[in-house]
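Engineer: Assembly of the complex is requested from the two constituent chains, each provided in isolation within its own frame, with the hints serving as guidance.
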Amino acid sequence: MEITPEEADRLSNLFRQRYHSFRVLLAANGRALETMATMEKAYAGTRPFGMEFVVSNVTSVAIRVYRMISHLEVLAPDTYSELFTRFDEIRADLDAIVNPPPTVIGAPDVVPMTQIRRTDSTVVGAKMANLGEIAGTLGLEVPAGFVITAAAYRRLIDHNDLRPEINRLIQNAEIDRPDRLFALSSQLQQLIATAEVPLDLADAVKDALADLLEGLGSGVGLAVRSSAFGEDSADTSFAGLYDSQLNVHPDNLLETYLEIAASKYTPQAMVYRFQHGLRSEDTEMAVGCMAMIDASTGGVAYTSDPKDATDRRIHISAAIGLPKTVVDGRFDADFFIVERTPRTVVQRRIAYQTTALVLRPGEGITRSDIPSEIADKPTLTDEEILSVADAAIRLEDHFGAPQDVEWARLADGRLVILQARPMHHALVPDAVPTIEGVPIVSGGVCVSPGAAGGPVSWVRSDREALKMPNGAVLVVDYPDPRWAALLDRTAAVVSEHGGIAGHLATVAREFGVPAIFGIGELEVLRRGEEVTVDADGLAVHRGLVPGLEKGRRRPHLMEGSPIHEMLGNALSHIAPLTLLDPNAPEFRPANVQTLHDITRFCHEKAVAEMFAFGSDHSFPKYAAKQLHHNVPMQWWVLNLDDGFTGEVTGKYIHLDEISCEPMHALWNGMVAVPWDGPPAVSGSGLASVLFEATRNPALSTPFKKPYAQRNYFMISENFMNLQSRFGFHFSTVETLASERDSENYLVFSLKGGAADMDRRSARAQFIADILSDKGFHLTVIEDTVTARASALPRENVLDLVKIVGYLLMHTRQLDMVMGDQRSIDHYRSKLENDILSLNRK
Amino acid sequence: MTIRVLLVDDETSFVETLDRRLTLRKLQVLTAGSADEALDILEHNEVDVVVLDVRMPGTDGLTAIKTIKRRYPLIEVILLSGHATFEASVGGMALGAFDYLLKPVRLDELVYKIEDAFRRKSLQEEKIRTLKNAAVSASGEQES
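Chains as they are written, first to last, in this note's numbering: chain A, 1 to 841; chain B, 842 to 985.
Simulated from the structure, these hints should not be mistaken for lab results. Careful: at least some of the hints might be erroneous.
Cut-off 35 Å, straight-line C-alpha distance, at most; resulting in silico cross-link-like pairs (DSBU-like, lysine-lysine) [unchecked claim]:
1. K944(B) / K962(B)
2. K944(B) / K41(A)
3. K968(B) / K910(B)
4. K910(B) / K651(A)
5. K467(A) / K910(B)
6. K962(B) / K907(B)
7. K944(B) / K774(A)
8. K944(B) / K651(A)
With beta-carbon atoms standing in for the labels, derived distance ranges [to be verified]:
9. A979(B) / H777(A): 35 to 43 Å
10. R367(A) / R866(B): 54 to 62 Å
11. E565(A) / L915(B): 30 to 38 Å
12. L948(B) / A210(A): 56 to 64 Å
Glycine is no exception: its CB is placed at the ideal position from the N, C-alpha and C atoms.
This is chain B alone, in the form it adopts within the complex (with noise of 0.2 Å):
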C-alpha cells in the first residue's frame, strides 16, 4: 500500500527536493507551505504521515502538531528541525511526535522514519478494527 505523507516546510526548494525524492521510493507526497495549508490539506486529504517543520513563519511546527494530534490522533507526525533547540525537541516528542530528525537529514533515514510511522499507524488502525468486530461479535452472541 503506498504511504501517503504530507511536507510541511517553508523553505520552497528543499520541499520540492524531497517531494522529488521520495516520490522516486514510491510514496505518495502532498506539500504544504505553511501549518495553516496543512491544516487545510488535511482536512480535504487521507494523510497517513506528516513531516513537519518547526520552525516557520506564523503557525510554526510545536503549535501545528498540537492541531494535527488533536483532529486526527492516528495521523504520526514526524518534526524535523533545522535548528537543534534541546527543550524544543524534547518538547516535540512529549507532544506526541513519532521521532524528531535534526537537518541535515539522510534520505534514507527520513524513509525508515516514514515507514515505520505508518506501520504504527497501520498497526493502531488494526487495533481499532479488531476491538469493533470483537464488540460486534459480543453483542451478536447476546442477542442470539
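The shape of chain A in the complex, shown without the other chains (with noise of 0.2 Å):
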C-alpha cells in the first residue's frame, strides 16, 4: 500500500520517537546497573561511607529505574503498566528503610539527674544516663544537675527548619576532603549555634536551672557536656570528639547550650560518625548540665590495660587540679596500677608537674602553676589511690564490662564520679617484624599498639592539619582530642605529651593506629622525613621498614554498623537477580521481586518491542533489510534511526550503506581472520553433540518465531544490538559508541552449545578467561558467558566490540573440544594472537 508523504512524516517521527526513549531506557539501564554495583562493592568493602551514600544512592537507582518504566510505557503503552505498582511496592520498603522513625519521640526537653537510669540513654545519651544510674543505683556521689535532652535538639533542629540545609551542605561536600570537612564543619556548626531557642524550650530550662541553683548556693559554675546518642556506648567511645565547656556562669546557659549542640559537627566528630557508619540522626545531641566540681585532683581510671582486656589491673592517671589536665593530654600526669587482690598499688610513675587547670573566678578555667616544692610529688596518697580503685570497680560490677571512668577529688577528700564508660581495647596487631638500628627518638608510653611508617607531618593548627598528606605520621606537641579528625588518615601518631587516659589516645586504639605518647622533644623530626613508628617498641626509626603494612590490621568499623545495615538491607530490595529466563512464564511485571529485576524485565521488552515494531510495520524506510555481501546471507538489519547512509529501498542492504560504527567494527572483527572450519572432533565428543541433539534445547530469544531462527541487527548510527543463532549457540551484542563517554557500554553474551552442559560450560570460561584482561566485567554462570564493559571512550568500546566479532566467529563448536586439555591449550593460543593483531589492522 502506498502511503502519503504525510502518514510518512508521521511514522518516521514515532519511529525516532520510540529510538529517543529506547535510547533514554538503555541509557537509565546503564546508569542503574552501575550504581548497583557500587552499591554492592561498598557494602562487600573496608571502606566507610555515610548516610548521604545510602540515601543518594538508592534514590539514584529508583529514579533510573523509573525512568526505564516511563519509556518503556512509551514503546508499549498500557501493556506492562503493572510495573508501576510493583516498583511503588519496592519503593516503600526502600523508604522504610533509609527514612526510619526517629528514636526519641515524645520524650520531655529537660529532665533532673535524679530522674535518670541507664536505660534512658535514647533520650539523655548513654554519658548522662549512665551518671543517673551511678547516683541512683550505687550510690556514689555525681554532680547534681539536669539534662537538656535528644528530644530538645530535635525540637531546636526542626524550629529553626534546619534539618534540609545540613543534609543538603553534607550532600554536597566530599567529607574525605579535608579542606571541605573543616569549611563545612564550621558552616554547620555556625548553622546551630546562632539558631533560635523555642521560648517553651528556654523556660523549662531556666525553671530547671532555678532548681539547681536554689540547691547549690551562690557562685557556683556549670559544667556544660555533651550527650550524644550513641557517645559512650560499648561500640563507640566518641571520646573527646563533642565540646564540654566548664565553670560556665548560670546567665550564659543558653548560648553554651547551643554551641555544644553545634559541637555535633566538629570535623573528628564527623570523621568518627563516618568511619563507625552511624546516622547523624541517631546522634541527636543531649546536653549535661551539670553542678562545677572544683576539684583538687583528679583523672581518669581504667579498670583493665587499654592495650590488653587480659591484664584486669587498674590502671590511674592523676594530676593536680581539673580531670580535665588528663583527659586533654596537655600536661604530664602521674600514672599508678593497682593490682585487684590483695587491693594494692603494685607500680607507680610519679610525673614532674609544673602546670594544673583550676577553675578562674568568674568563669571558664585557667593554667596554675604548681609550686616546686610539691611539683614531684605523687598526686595522691596510696589510700586515695585505692579509693578510686575502688570505685571503679563497684562500677565495672555494676555495668558488667572493664570501665573507664573520669573522677574528681575535692578538697574535703570527697570522690566525685563524673564520667563512666565502657573501656574501648586496642585490637591487638599482628606479631611486628623486629626492627633494627638505633632510634631517632625513643621512650614515652604506648598508647596504641603496633608499628607502622610515613612522612612526617607536624600539626600544631587547623592550617597545618589540612596540609596533612594521607598516610603521614602525625607528630603533634600534645594530643589535642581535635586532631582525631585525622586519624583515619594516619599512618601512626607520635606526641611530645600526654599519656594513656587521653581522649586522642583512646581514638587511636579504636582506629588501630599505633601511636606513642609523652615521648619528649620531638624537634628532631623534620617535616617530609619519613620514618618507622613502634610503638611497642617506643620508638622511631629513620626510613620506612618494609613489611609492616602487611602487618597492619585496620579494624573493620562500619560492619555491623547501622549504616552498614541499611545498606544491606536496601541491597537486598535491589541488587539480587530473580528473574532469569525471559521464556519462563514467570517473566512478568507482577513477578518482579526487585529494581534489578524491573531493569532486566524492562531492557528485555524494550529489545523485544522495538524489534517487533520495525519487522511488523510495512513502512520501507524502517523495514527489516537482508544483508547483502558478494550474495544475500543469513543477516538482517533493522534501521531504528540513522543507521543507513540514505534512503534504501529495496529489500536488501550492502554493508556500505550502514553507517552503524559498532556493526562495522563486529563485522571487521567477524572476518579480520578466516574461520578454521569446525574444530576436529573425538569420537566421544562427537558423541555428546548428537545426544544433545536429539535433546534439541530450546534455546532462548526475546523474538517470536520466525525472527527467533535468524539472525538479527538494530542499529542507529552509534548504536547496535544483535541476536545471533549459529546452530546451537545464541548468543546477544548490544553496545552503545557515542561521544558521551558515560553513556557507552558493551554487553556480550553467549549461551549454549552442542556438547554437554559440562563442556558448554567449560567453553563459557574459556570465553571469559579469554577477555578477563579486555577490561570486561565477567559473569559466568552454566554454559551463559556476559561480559559487561562502561562508561568507556567511543575508540575503546568499538576496539571491544570488534574482539567480540571475532569471538563470535571463532569460538563456534568449541565446546566440543573442551575436553581435551591440548586442543584447549591449543585454542587459546591462537586466539590470544589473533585478538592481539586484530587492532593493529
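Structural biologist: Structure representation (C-alpha cells):
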C-alpha cells in the first residue's frame, strides 16, 4: 500500500520518538546497573561510607528504574503498567529503610539527673544515663544537674527548619577531603550556634536551672557537657570529640547549650561517625548541665589495661587540678597500677607537674603554676589511689564490663564520679618484625600498639592539619582531641606530651593507629622525612621499614554499624536478580522482586518491542533489510534511526550503505581472520553432540518465531543490538559507542552449545578467561558467559566490539573440544594471538 | 539550533558558574533566583529546557514543576536537588520531570540531560506538526 508523504512523516516521527525513548531507557539501565555495582562494592568493602552515600545511591537507582518503566510505557503503552505498582511497593520498602522513624518521640525537653537511669540513654545520651544510674543505684557521688534531652535538640533543629539545610550541605561536600570537611564543619556549627531556642524550651531550661542553683548556693558555675546518643556506648567512645564547657556562668547557659549542640558537627565527630557508619540522625545531641566540681585532684581510671584486655589491674592517671588536665593530654600526669587482690598499688610513675588546670574566678578555667616543692610529689596518697580503684571496680561490677572512669577529688576528700563508660581496648596487631638499628627518638608510653611508617607531618594548627598528606606520621606537641579528625588517614601518631588516658589515645586505639605519647622533645623529626614508629618498642626509626603494611590490621569499623546494615537491607530490595529466563512463564511484571528485576524486564521487553515494531511495520524506510555481501546472507538489519547512510528502497542492504560504527567494528572482527572450520572432534565429543541434538534444547531469544531463527541487527549510527544464532549457540551483542563516554557500554553474552553441559560451561569459562584482561566485568553461569564494559571512550568500545566479533566467529563449536587439554591450550594461544593482531590492523 | 535553557536556583553563585559554563558549551542561558521569577521569565521568553532546583525559599521546585508543565506542556524540566529525599525525587519524576539529578552534578552529565530533553521536546513538536499536516491534507482531500 502506498503511503502519503504526511503519513510517512508521521511514521518517521513515531520511529524517532520510539528510538529516543529506547535510548533513554538504555542509558538509564546502564546507570542503574553501575550504581548497583557501586553499592555492592561499598557493602563488601572496608572503606567507610555515610548515610548520604546510601540515600543518594538508593535514590539514584530508583530514579533510573522509574525512567526505564516510563519509557517502556512509551514503547508499549498500557502493556506493562503493572510495573508501576510493583515499583511503588519496592519503593515503599526502601523508603522505610532509608527514612526510619526518629528514635526519641514524646520525651520531655528537660530531665533532672535524679530521675535518670541507664535505660534512658536514647533520651539523655549514654553519658548522662550512666551518671544518673550511678547516683541513683550505686550511691556514688555525681554532680547535681539536669539534662536538655535529644528530643529538645530535635525540636531546636525543627523549630529553625535546619534539617534540610544541614542535609543539603552534607550532601554537597566531599568530607573525605580535609579542606572541605573543615569548611563544612564550620558552616554547620554556625547554623546551630546561631539558631533560635524555642521559647518553651528556654523556659523549661530556666526553671530547671533555678531549681539546681537553689540547692547549690551562689557563686557556683556549671559544667555543660555533650551527651550524644551513641556516645560512650560499648561500640563507640566518641572520646572528646564533642565539646564540653567548664565553669560556665549560669547566665550564659543557653548560649553555651547551642555551642555544645553545634559541636555535633566538629570535624573530628564527623569523621568519627563516617568511619563508624553512624547516621547523624542517630546521634542527636543531649546536653548535661551540672554543678561545676572544684576538684583539687582529678584523672582517669581504667579497670584493665587499654592495650591488653587480659591485664585486669586498675590503671589510674592523676593530676593536680581538674581531670581535664589528664584527658586533654596537654600536661604530664602521675600513673599508678593497682592489683585487685590483694588491693595494693604495684606500680607508680610520678610526673614532674608544672601546670594545673583550675577554675577561674567568674567563668571558665585557667592554668595555674604548681609550686616546685610539690611538683615532683605524688598527686594521691596510697589510700586515695585505692579509694579511686574501689569506686572503679564497683562501677565495673555494676555495668558488667571494664570501665573508663573520669573522677575528681575535692579538697574535703569527697570522691565525685564525672563519667563512666565502657572501655575500648586496642586491637591486638599482628606480630611486627623486629626493627633493627638505633632509633632517632625513643621513650614515652605506648598508648596504641603496632608499628607503621610514613612521612613526618607536624600539626599544631588547623592550617597544618589541612596540609597533612594521607598516610603521614602525625607529630604533635600534645594530643589535642581535635586531631582525631586526622586519624582515619594517619599511619601513626607521636606526641611530645600526654599519656594513655587522653581522649586522642582512646580514639587511636579504636582506629588501630599505633601511637606513642609523652616521648619528649621531637624537634629532631623534620617535616616530610620518612620514619617508622614502633609503638610497642617505644621508638621512632629513620626510613620506612618494609613489611609493616602487611602486618597492619585496621579494624573494619563499618561492619555491623547502622549504616552498613541499612545499605545491606536496601540492597536486598535492589540488587538480587530473580527473573532470569525471559522465556519462562514467570517472566511477568507481577513477579519482579527487586529493582534489578525491573531493569532486566524493561530491557528485555524494550528490545523486543523495538524489534517487533520495526519488523511488523510495513513502512519501507524502517523495514528490515537482508544483508547482501556478494550474496544474500542470513543476516537482517533493522534501522532504528540514522543507521543507514541514505534512503534504502529495496529488500537488500549492502555493508557500505550502513553508517552504524559498532556494526562495522563487529563485522571487521568477524572477518578479520578466516575461520578454520569446525575443530576436529574426537569420538566422544561427537557422541556428546549427537546426544544433545536429540534433546533439542530450545535456546531462548526474546523474539517470536520466525525471527528467532535468524540473525538480526538493530542499529542506529552509534547503537547496535545483535541477536544471533549459530546452530546451537545463541548470542547477543549490544553496544552504544557515542561521543558521551559516560553512557557508552558493551554487553556480550553467549550461551548454549551442542556438547554436554560440562563442556558448554567450560567453553563459557574459556571465553571469560580470554576476555579477563580486556576491561570487562565477567560473569559465568552454567553455559552462559556475559561480559559487560561501560563508561569508555567510543574508540575503546569499538576495539572491544571488534574482539567480540572475532570471538563470535571463532568460538563456535569450541565447546566440543573442551574435554581435551591440549586442544584447549592450542585454541587459547591461537585466539590470544589473533586478538593481539586484531586492533593493529 | 541553539538550546534555550532556564536555570532556576536561589544559590546565585551556583547559577552564575553554571550559566558561564553552559554558555561556553553554546547553550543559550537565562537564569532565575526563584520559582516565581522563573514563571515570569517563561511568560516572556521562549525556553526549551528548565533546570529547576527542588528546594528554594518561596515556591519550591516541586510546586513550580506542576505549574510549568500545566502552562507549557512541551517544555522539559530537569530537577536538580542538593538533598536526596527519596520520596521527593521519585515524586518529582511522576510530576513529569524529564530527569532528576543530584548535586553535585557533573557538567557533562547535565549537558547530556539537557540535550536529551531538548531532543524529546523537538520530537514532540514535530509530532504535533505532522498530525496537523495530516489533518490539513485529509480535510483538503475532502474538499477537493
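Engineer: Look at each hint and say if it fits the structure.
Structural biologist: Hints, verified against the model:
At roughly 24 Å between alpha-carbon atoms, K944(B) and K962(B) fall within 35 Å of each other, so this suggested pair holds. Of the pairs offered as hints, the one joining K944(B) and K41(A) holds, with about 22 Å between alpha carbons and a cut-off of 35 Å not exceeded. Among the hinted pairs, K968(B) with K910(B) is consistent with the structure: their alpha-carbon atoms are about 18 Å apart, no more than 35 Å. For the hint pairing K910(B) with K651(A), the CA-to-CA distance comes to about 44 Å; that exceeds 35 Å, so the pair is violated.
Pair hint K467(A) plus K910(B) does not hold up; C-alpha atoms about 49 Å apart against a cutoff of 35 Å. Distance check on the hinted pair: K962(B) and K907(B) sit about 17 Å apart at the alpha-carbon level, within 35 Å; holds. At roughly 33 Å between alpha-carbon atoms, K944(B) and K774(A) fall within 35 Å of each other, so this suggested pair holds. Distance restraint check for K944(B) and K651(A): the Cα-Cα separation of roughly 50 Å exceeds the 35 Å cut-off, and the hinted pair is therefore not satisfied.
A hinted range of 35 to 43 Å for the beta carbons of A979(B) and H777(A) is inconsistent with their spacing of about 53 Å. Here the CB-CB span from R367(A) to R866(B) is close to 60 Å, well matched to the stated 54 to 62 Å. In this structure the supplied range 30 to 38 Å is violated for E565(A) paired with L915(B), their Cβ-Cβ distance being about 46 Å. Restraint check, L948(B) to A210(A): a C-beta distance of roughly 58 Å satisfies the suggested window 56 to 64 Å.
Going through the hint list in order, the structure does not satisfy hints 4, 5, 8, 9 and 11.
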